[in-house]
Amino acid sequence: QLGIIYDLKPLDSLYNLVLKDNFTWLQRIKVVFGLACLLKVMHDEDPTYLPYLVHNIDAAHIMLDQDYNPKLCDFSMISGGILPAKTRLPNPYVLGCYGYIDLHSCRIGKWSEEVDVFAFGVLLLMLMSKRVFTEEDRSDFNVPLVYEWAQSVYKPKRSVTGIGKSVCSLVHRSLLVKPGFYYSDGHEITKLAMRCVEYFPSRRPTMKQIVKHLLDLRVIRRYADILGIHQMLRSHGVFPQKDNLALT
1 QLGIIYDLKP LDSLYNLVLK DNFTWLQRIK VVFGLACLLK VMHDEDPTYL PYLVHNIDAA
61 HIMLDQDYNP KLCDFSMISG GILPAKTRLP NPYVLGCYGY IDLHSCRIGK WSEEVDVFAF
121 GVLLLMLMSK RVFTEEDRSD FNVPLVYEWA QSVYKPKRSV TGIGKSVCSL VHRSLLVKPG
181 FYYSDGHEIT KLAMRCVEYF PSRRPTMKQI VKHLLDLRVI RRYADILGIH QMLRSHGVFP
241 QKDNLALT
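Under full-length UniProt numbering, the final residue of the sequence shown carries the number 248; numbering is consecutive throughout.
Please keep in mind that the hints were generated in silico from the structure rather than gathered at the bench.
It cannot be assumed that every hint is accurate.
[As the list claims (entries may be wrong)] Computed list of lysine-lysine pairs in BS3-like fashion (alpha-carbon distance at most 25 Å, straight line):
1. K71 with K212
2. K40 with K71
3. K130 with K191
4. K40 with K110
5. K208 with K110
[Unchecked claim] Pairwise CB distance ranges (calculated):
6. S139 with H230: 43 to 51 Å
7. A60 with K157: 29 to 37 Å
8. Y49 with R107: 25 to 33 Å
9. G237 with D7: 17 to 25 Å
10. Y49 with S76: 13 to 21 Å
All values reported here derive from a predicted model rather than from experimental measurement.
Glycine included, every Cβ here is placed at the ideal spot set by N, Cα and C.
Work out the full structure: start from the sequences and follow the hints.
Below, the structure written as structure tokens:
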């Protein structure tokens, strides 16, 4: 039997904070980056062990401390590392958390790191769009899951000049005026989230690629000290180059 003990002053679960107006853009970015670093470390390749897979990532399973540092608090389905490997679904009726389940993996009956990437993408969509899927919503088949909603409205368009990258932001309008928000970040973080919830796992980024992408956001470069980015990188064993925060 193994256990994890946290020494923290809990604030609330991530699920309870998503819709809050006082949950700022900077705080949301801090949570996103902290989770990305944690999952990157868990997924890191080790010649001795398989990667740790969480399997049941859910906003309700993430506790924030008073400094908005995220802590996973449900490891009931974890596998890999020093734990028994579960590359095949041990129980066809236990697939993960509703609304975060990777349908492709369910259909082929196989676990992989991409399952956690998919769930991370759902969390990212929730945090930036301020959308949640409630227990009450489950009884109404007309209410889409968060990622289903995103896939239905995400329609990248060329800029008015017709030059440059296609852009589309799903960031909630109330967050657009928050300190630290940059419109270019809105487009980039939306694109990242949509890549995470791609149906085919091969099209999704790895957690290492996700951390690299987040480090390129203007908000993280501009507010690295305030967000405690360097401390998070050190605590998770990720060491950026000092000049540009790029992963080594």
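Tested hints:
1. A hinted pair counts as satisfied when its Cα atoms are at most 25 Å apart, and K71 with K212 qualifies at roughly 21 Å.
2. At roughly 14 Å between alpha-carbon atoms, K40 and K71 fall within 25 Å of each other, so this suggested pair holds.
3. Taken as a hint, the K130 and K191 pair is honoured in the structure, with Cα atoms around 16 Å apart against an allowance of 25 Å.
4. Restraint check: the Cα-Cα separation between K40 and K110 comes to about 20 Å, which is no more than 25 Å; the hinted pair holds.
5. Note on K208 and K110: the hinted pairing holds, with a Cα-Cα distance of about 21 Å set against a maximum of 25 Å.
6. For S139 and H230, the hinted distance range of 43 to 51 Å is satisfied, since their beta carbons lie about 46 Å from each other.
7. Look at A60 against K157: about 35 Å separates their beta carbons, and that is inside 29 to 37 Å.
8. At about 27 Å, the CB distance of Y49 to R107 agrees with the hint of 25 to 33 Å.
9. At about 20 Å, the CB distance of G237 to D7 agrees with the hint of 17 to 25 Å.
10. Restraint check, Y49 to S76: a C-beta distance of roughly 20 Å satisfies the suggested window 13 to 21 Å.
In this structure, every one of the numbered hints holds.
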